[in-house]
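Which chain is which? The protein sequence lines are A and B, in order.
When the letters of the first sequence are read in order and numbered with the numbering used here, they come out as residues 39 to 354.
When the letters of the second sequence are read in order and numbered with the numbering used here, they come out as residues 583 to 1013.
Rather than coming from a laboratory, the hints here were simulated on the basis of the structure.
Since this is a predicted model, take the numbers as computed values, not measurements.
Virtual Cβ for every residue (Gly too), placed ideally from N, Cα, C.
Be aware that a few hints might be false.
[Claimed, not checked] In silico DSSO-like pairs for lysine-lysine, Cα to Cα no more than 27 Å straight-line:
#1 B/Lys729 x B/Lys670
#2 A/Lys102 x B/Lys1008
#3 A/Lys102 x B/Lys670
#4 A/Lys102 x B/Lys678
[What the hints assert, rightly or not] Computed list of chain B residues with no C-beta within reach of chain A, every gap over 10 Å:
#5 Ser673
#6 Gln697
#7 Thr704
#8 Gly708
#9 Leu710
#10 Asp714
#11 Asp747
#12 Pro756
#13 Glu757
#14 Glu765
#15 Asp810
#16 Arg831
#17 Gly891
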Amino acid sequence: MTTVISPRREQPAEEASRRTVRRPRRRQTRRAWLGIAYASPTAVMVALFFLVPLVLVGWMSLHKWPLLAPPTFNAPDNFADIGDNELVRSATWFTVKYTVVITVLLFAVSLGLALLVQHRRPGVGFFRTAFFLPMAVGFASASLLFLGLLSDEIGPISDLLRAVGLVDGYVSWTSGSANSALGSAVVLVLWRFAGFNMLILLTGLQAIPPEIYEAARVDGASRWQTFRRITLPLLRPTIALVLTLMVTGSLLAFDQFWILTRGGPDNSTTSLVMVIYREAFIRLDLGSAAGISVVLLGVLIVFNVIQLGVLRRRSS
Amino acid sequence: MARYRARRVVAGMAAALLITAVAACGNDDDAAGGGGTQAPAVDDGATLTLWTRAATESVSKAYAEKYNATHKNQVQVTAYPNEEYPAKLASAAGAKSLPDLFASDVVFAPQYASQGLWVDVTDRFGALDVKDKVAPAHVKAGTWEGKVYAVPHTIDMSVMLYNKDLYAKAGLDPEKPPTTLKEFAEHARTIDKLGGDINGTYFGGNCGGCVEFTFWPSVWAAGGGVLDAEGNNAKIDSKEMADVFAIYRSLYDEGVAAPASKDEAGPTWLGALQNGKVGIAPGPSVWLGLIEEKGVKMGVAPIPGPDGGESTFVGGDAIGIGATSTKAAQAWDFLAWTMSDEAQIEVVAKNKGVPTRTDLASNKYSSTDPRVVLINSLMAKGQTPYARNFNASFNDPQSPWLQTVRGALFGDAASALSGGNTAITKSLQQS
Chain A
39 MTTVISPRRE QPAEEASRRT VRRPRRRQTR RAWLGIAYAS PTAVMVALFF LVPLVLVGWM
99 SLHKWPLLAP PTFNAPDNFA DIGDNELVRS ATWFTVKYTV VITVLLFAVS LGLALLVQHR
159 RPGVGFFRTA FFLPMAVGFA SASLLFLGLL SDEIGPISDL LRAVGLVDGY VSWTSGSANS
219 ALGSAVVLVL WRFAGFNMLI LLTGLQAIPP EIYEAARVDG ASRWQTFRRI TLPLLRPTIA
279 LVLTLMVTGS LLAFDQFWIL TRGGPDNSTT SLVMVIYREA FIRLDLGSAA GISVVLLGVL
339 IVFNVIQLGV LRRRSS
Chain B
583 MARYRARRVV AGMAAALLIT AVAACGNDDD AAGGGGTQAP AVDDGATLTL WTRAATESVS
643 KAYAEKYNAT HKNQVQVTAY PNEEYPAKLA SAAGAKSLPD LFASDVVFAP QYASQGLWVD
703 VTDRFGALDV KDKVAPAHVK AGTWEGKVYA VPHTIDMSVM LYNKDLYAKA GLDPEKPPTT
763 LKEFAEHART IDKLGGDING TYFGGNCGGC VEFTFWPSVW AAGGGVLDAE GNNAKIDSKE
823 MADVFAIYRS LYDEGVAAPA SKDEAGPTWL GALQNGKVGI APGPSVWLGL IEEKGVKMGV
883 APIPGPDGGE STFVGGDAIG IGATSTKAAQ AWDFLAWTMS DEAQIEVVAK NKGVPTRTDL
943 ASNKYSSTDP RVVLINSLMA KGQTPYARNF NASFNDPQSP WLQTVRGALF GDAASALSGG
1003 NTAITKSLQQ S
């Protein structure tokens, strides 16, 4: 998609600028004002809800910032303290582990679903809708839903598994052990997001010209060869986009662990954003929370630059 | 030209924004300053907002209802879920839009006082006739660097709650609750032998707040301590603490404590006691009525130490005037009234609550139920721990205390307490 759009996008702009040179000044001014008027709502939103908070977070990270008292400059203490914070270390390790696990699984499931419902067949619309439907549930609500379903006291899952004979006695999915807590969060995220990522991958799949597949068939390519040599390479920009979304979303994981496992048992599912939350709202140290946020932002930028680099290289 | 104009417009807008922001800050400062003048109580028909956590909601609403009926000022109570409440307060403070009055778990009071989230009420409190009779542990919790910021709102103490029917069924005397923690363990074992889905005991093994509320009284009863007076050093690696944990650990290992005790993070704790299948368990005194509502006949006893003695955790909520409120005088009128005889007897005692005044421990309502007399009498023997970083060190799910608890109950008990003591002390001293 990007291959087609990006080279052409500059042309009208160039033409426009050439034309404006010839135009009288008043009209030029009017055009400029019109442009500002069109862009200003978005610009104001971006400035107000993105740039101002971003600058403020950067500024806060250089200060000891109590809730009401005036802040005092203390750089680079907030950053130096991150190294001493044992919880940050364990949360970083867990967040990376979670990101790898969820990215691999979510990608595999999403691509699998996308391939399943790729072609128009009777009933395929039903499955596409069914796979996408969990996306209509808010993430916090979905987390609460899973908390209820998985609860041994009020949920049906444990009773069901006991009836089939798969488990015995009391089970706690969300806080029984580190693995079951992570597992329950992973199942929740797969259920909630697989359909959405399937949709993005589906658009990528449908953008591949059928002639290429036909040519491959004529050449006698097997299904696996078609998938490896045609589908995957042509799907690369979409895959890069989906992976960027997955990695970014996972590094910023909060709701699922906050609601489902509360970071437990024994801090085994405490994500980095939960540590930021703890610094800000439990320890009431906004400067320290801002410091960790800035570092996390830096990591995300690096990830995204790499990801976009790959995306551009494939496109050109 | 157009570009310059655009720039001027942008610069103008930025300047306007800045001025607005500065003006807004100025207003807030005025508001906070207005609270600091310590004007006397005023009842002039102001509408006061009061925030509290769900656990305290019923008491706050009962206070407000009675106050509103007899005063021109009107108090509007808003309650938030317990776990989300500290975050709600922090974001309101950050936005400089705290309510006129807000209550908090009494153990978090030193932190809010130190952050200046409440208006200083030292002079106002000092002018009260009853100031020496107001629960001293709570007043101390609301004091920071010699100044009083909060007064008691509700009192909740930890007690042993036992199921009288199960006691009788297991052949124990329902009128003879245990007097030592070891005896408590024996009673729990006896009841557990009834089998089926009956369990000897229950505790919140994945909840720092629940464990400190129910286990620490046993440590205090045995003469041990938990924190130093300033709340800067932990003292949990003591023999007393180890003994208490060992008793509960053995109950869990033997299956006498319900298996769900390991994962109990707080929300289903009350439900577990309400279903009438737990023999004896330490818990909040305010649950007595809530459990009996479900038709379970309950007895109450003080929480003993391993070899005797008794103590309690004097918990509950403290309340103060929001630092950004412009109605401090009116808010104080409400607070002063909540500490009056009328409020304490006709609102708190009438609803079987514990009065926040020591001189009202026995009153016309308490004498009708000997269990209430027992609960009220425990206040003098109990403690309220004091530390600025209490939430981050003990109550938060990511606190070093919860890790210590998990180690002591389900993991490596030997190293948990000494390692935990170092980690908690570090957290307590964090600025």
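Discussion item. For a quick check of understanding: which of the numbered hints are violated here, in increasing order?
Written reply: 5 and 6
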